[in-house]
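Numbering (this note's numbering), first residue to last: 1 to 598.
One thing to keep in mind: the hints can contain errors.
Straight-line C-alpha distance at most 20 angstroms; calculated PhoX-like pairs for lysine-lysine [unchecked claim]: (1) LYS216 with LYS177; (2) LYS430 with LYS401; (3) LYS149 with LYS177; (4) LYS492 with LYS454; (5) LYS217 with LYS149; (6) LYS423 with LYS454; (7) LYS366 with LYS423; (8) LYS177 with LYS217; (9) LYS430 with LYS454; (10) LYS336 with LYS317; (11) LYS317 with LYS366.
I should point out that these hints are in silico values taken from the structure, not numbers from a laboratory.
Bear in mind the structure is a predicted one, so any value in this text is a computation, not a measurement.
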Amino acid sequence: MAIEVHCTCGNALTVGAELAGKKVRCKACREVLAIPAVPLDASAEEEAPAGSADAYEVVRADEAPRSCPACGAAAAPGDSACLACGAELGGGAGLLDKVPRQVLLGGVALVLLLVLGGVARAVWLSTRPGTHTRAGLAYLGEGDFAAAKREFQEALSYDREHPGALVGLAELGAQSKDAAVLRTFAPRVLERGLIEDPEEEARLRLAYAWLLIEEKKYVKAHNEAVEARGVEGFAGEAEAVVGMAALAGGHEDDAREALRKAVQAGYRDVRVFAELARLERAAGALDAALRAAEQAVALAEDDASLWLLLADLREEKGDASGLAAALEKAVAADPKNATAHARLSRVRLDAGRAEDALSSAREAAKLAPEDPEALTALGRALLAAGRPGEAAPPLERALSKRQHWETEYLYGRALLEQGEERKGLQAVGKALAARPRDVRLRIDAARVALSAGKPEQAASFLREAVEAAPEDYDVRVLLARSLAQQPLGRRKHDEAIRQHLQTAIDANPRRREAPAALARHHLELLQPEAALAAARKGLKYNDADAELRYLEGTACLALRRWDDAIRAFEACQRLDPGYEDVREKLEEAQEGKFYDRN
Numbered sequence: 001m002a003i004e005v006h007c008t009c010g011n012a013l014t015v016g017a018e019l020a021g022k023k024v025r026c027k028a029c030r031e032v033l034a035i036p037a038v039p040l041d042a043s044a045e046e047e048a049p050a051g052s053a054d055a056y057e058v059v060r061a062d063e064a065p066r067s068c069p070a071c072g073a074a075a076a077p078g079d080s081a082c083l084a085c086g087a088e089l090g091g092g093a094g095l096l097d098k099v100p101r102q103v104l105l106g107g108v109a110l111v112l113l114l115v116l117g118g119v120a121r122a123v124w125l126s127t128r129p130g131t132h133t134r135a136g137l138a139y140l141g142e143g144d145f146a147a148a149k150r151e152f153q154e155a156l157s158y159d160r161e162h163p164g165a166l167v168g169l170a171e172l173g174a175q176s177k178d179a180a181v182l183r184t185f186a187p188r189v190l191e192r193g194l195i196e197d198p199e200e201e202a203r204l205r206l207a208y209a210w211l212l213i214e215e216k217k218y219v220k221a222h223n224e225a226v227e228a229r230g231v232e233g234f235a236g237e238a239e240a241v242v243g244m245a246a247l248a249g250g251h252e253d254d255a256r257e258a259l260r261k262a263v264q265a266g267y268r269d270v271r272v273f274a275e276l277a278r279l280e281r282a283a284g285a286l287d288a289a290l291r292a293a294e295q296a297v298a299l300a301e302d303d304a305s306l307w308l309l310l311a312d313l314r315e316e317k318g319d320a321s322g323l324a325a326a327l328e329k330a331v332a333a334d335p336k337n338a339t340a341h342a343r344l345s346r347v348r349l350d351a352g353r354a355e356d357a358l359s360s361a362r363e364a365a366k367l368a369p370e371d372p373e374a375l376t377a378l379g380r381a382l383l384a385a386g387r388p389g390e391a392a393p394p395l396e397r398a399l400s401k402r403q404h405w406e407t408e409y410l411y412g413r414a415l416l417e418q419g420e421e422r423k424g425l426q427a428v429g430k431a432l433a434a435r436p437r438d439v440r441l442r443i444d445a446a447r448v449a450l451s452a453g454k455p456e457q458a459a460s461f462l463r464e465a466v467e468a469a470p471e472d473y474d475v476r477v478l479l480a481r482s483l484a485q486q487p488l489g490r491r492k493h494d495e496a497i498r499q500h501l502q503t504a505i506d507a508n509p510r511r512r513e514a515p516a517a518l519a520r521h522h523l524e525l526l527q528p529e530a531a532l533a534a535a536r537k538g539l540k541y542n543d544a545d546a547e548l549r550y551l552e553g554t555a556c557l558a559l560r561r562w563d564d565a566i567r568a569f570e571a572c573q574r575l576d577p578g579y580e581d582v583r584e585k586l587e588e589a590q591e592g593k594f595y596d597r598n
């Protein structure tokens with residue numbers, strides 16, 4: 001059936017029954033008309049008149065007529081704003097009208113979830129660096145450096161510039177002595193001023209400065225130390241860094257001054273004391289060097305090198321017992337230290353402990369079979385034990401490793417004592433040439449030459465010693481002896497012998513050797529009056545000397561002064577009953593006295 005409606009413009013519109021209850025728009029005036037519902041008794045088979053459909057168009061649900069809520073003016077269905085007053089009409093709402101309510105609510109929920117989830121994630125991410133940093137600091141406080149490092153690195157994975165994590169890693173590098181971590185993070189932290197506490201900053205600066213010294217960046221180390229020097233409690237360590245940097249740069253005077261300040265400020269570090277000891281020693285301040293070395297070994301008793309340094313200083317001081325104690329400590333600190341064993345061998349030898357010296361030398365050579373010092377120690381000990389044949393090979397091997405005057409000298413001695421005079425004297429001469437002012441060495445060489453039956457060579461060595469030390473007592477006495485042992489030496493060199501011995505007596509009248517030698521010389525030349533005068537010079541300060549009493553008695557016997565001779569020989573016999581032929585001499589004096597009376 002058809003339904004007929006009339007537009008306000010006068011146009012009659014005939015629509016089909018299927019549009020009942022819907023809306024159409026008049027094409028003439030564009031007004032929207034509502035189609036009434038179809039009556040219940042209407043026939044469905046009645047058709048609409050032909051051609052009437054061109055006069056209208058069906059209106060969609062979202063194109064219903066509206067009025068402005070602000071001014072009441074009519075508005076087209078698709079308008080988003082009132083043409084009369086401009087008020088918004090919500091023209092875009094039509095799209096949502098097509099969406100089912102359940103879908104619309106679900107979409108809103110999804111949007112809210114995404115928004116709130118993003119906010120929550122942003123908040124969560126912002127808290128992660130702090131959480132990991134706090135965990136890292138806790139581990140750092142417990143000394144668990146590996147766990148602390150993991151936490152700080154995790155914090156930086158969320159925020160590469162997180163201040164707490166950067167500071168934490170720098171502190172970790174300082175505490176754990178992790179050079180790579182300290183090198184990476186300390187400069188970043190210090191340059192940006194991320195540490196507020198001056199003490200913490202000074203502590204980090206100094207740790208970084210020590211690393212810079214190890215890396216030979218001395219100027220940077222100096223600058224970092226200067227920055228920390230003004231913080232209370234850190235002046236000592238800062239001066240230590242300044243001193244060590246100056247020392248590494250070759251400025252020894254500046255280094256010595258700075259290290260002294262560090263010690264005076266109460267800074268106690270084994271490196272500082274050890275280097276200060278070496279600097280004081282080089283400057284000739286032996287007592288100050290000893291104090292510093294003793295402080296160093298007190299801080300590191302298990303460091304053999306420090307005990308060896310202290311041993312050097314005690315040797316220079318002339319402290320034989322202290323030297324031995326330091327070397328024994330060095331051996332105890334490091335039983336495998338060949339140098340300590342070698343040096344202890346020499347000290348024991350000087351103390352007359354030949355067997356102990358040989359034992360120490362053997363241990364040194366066992367620990368370091370190719371070490372020149374150990375080989376020299378072994379040769380020295382074997383030579384002192386009267387085994388020159390065994391001493392020569394290690395000494396020769398030592399010379400093949402290193403040319404040293406003492407090794408050369410000992411090797412020459414070993415050869416001389418084996419009868420290899422030419423080669424032995426050549427080696428001894430080479431050693432003496434390397435030590436032109438060494439008087440003791442020449443005295444020893446002269447004794448070796450005399451023992452080998454070479455008084456002329458001994459005299460040659462001693463003349464060099466006289467030039468270096470003209471007032472030396474031992475040189476003069478031994479030179480006189482060397483001259484006397486030459487063929488016709490006493491007569492040929494009589495004046496020189498007397499001169500050398502008299503010089504010795506004048507240099508030290510309390511010693512006995514020169515008066516005894518002079519008395520023997522005069523007796524050999526049949527000059528009993530001069531011999532008696534020389535013997536009595538010696539007895540003035542050495543009245544309990546058996547040799548001088550014997551020489552006095554012999555001179556008196558030659559002068560037929562029987563009572564004086566008897567008194568002298570009796571005194572000698574009391575002092576040393578087995579001295580030479582004192583008993584026979586005493587009997588001769590007694591017989592002479594008896595025959596003179598009768």
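Take the C-alpha atoms of LYS336 and LYS317, compute the straight-line distance between them, and say whether it is at most 20 angstroms.
violated, 27 angstroms
Could you grab the alpha-carbon distance between LYS177 and LYS217 and see if it respects the 20 angstroms cut-off? Holds, because 17 angstroms separates the two Cα atoms, which is no more than 20 angstroms.
Mind checking the alpha carbons of LYS149 and LYS177 for me, to see if they're no more than 20 angstroms apart? Measuring from Cα to Cα gives roughly 13 angstroms; hence the hint holds.
Discussion item. Would the hint linking LYS317 and LYS366 be met if the CA-CA limit is 20 angstroms?
Written reply: violated, 31 angstroms
inquiry  = Tell me if the straight-line CA distance from LYS423 to LYS454 falls inside 20 angstroms.
reply    = holds, 14 angstroms
Original post:
Can the restraint linking LYS430 and LYS401 be considered satisfied, given a maximum Cα separation of 20 angstroms?
Top reply: holds, 17 angstroms
*asked:* For a C-alpha distance cap of 20 angstroms, please report whether LYS217 and LYS149 respect it.
replied: violated, 26 angstroms
Check your understanding: Would the pair LYS430 and LYS454 pass a check requiring their Cα atoms to be no farther apart than 20 angstroms?
Key -> Satisfied, since the Cα-Cα distance of roughly 17 angstroms is no more than 20 angstroms.
Taking 20 angstroms as the top limit, are the C-alpha atoms of LYS216 and LYS177 close enough?
With Cα atoms ~17 angstroms apart, LYS216 and LYS177 stay inside 20 angstroms; holds.
* Asked: Between LYS366 and LYS423, is the straight-line Cα distance small enough, at 20 angstroms or below?
  -> violated, 29 angstroms
Between the alpha carbons of LYS492 and LYS454, is the straight-line distance 20 angstroms or under? holds, 17 angstroms
Going down the numbered hints, you'll see the structure goes against 5, 7, 10 and 11, while the others check out.
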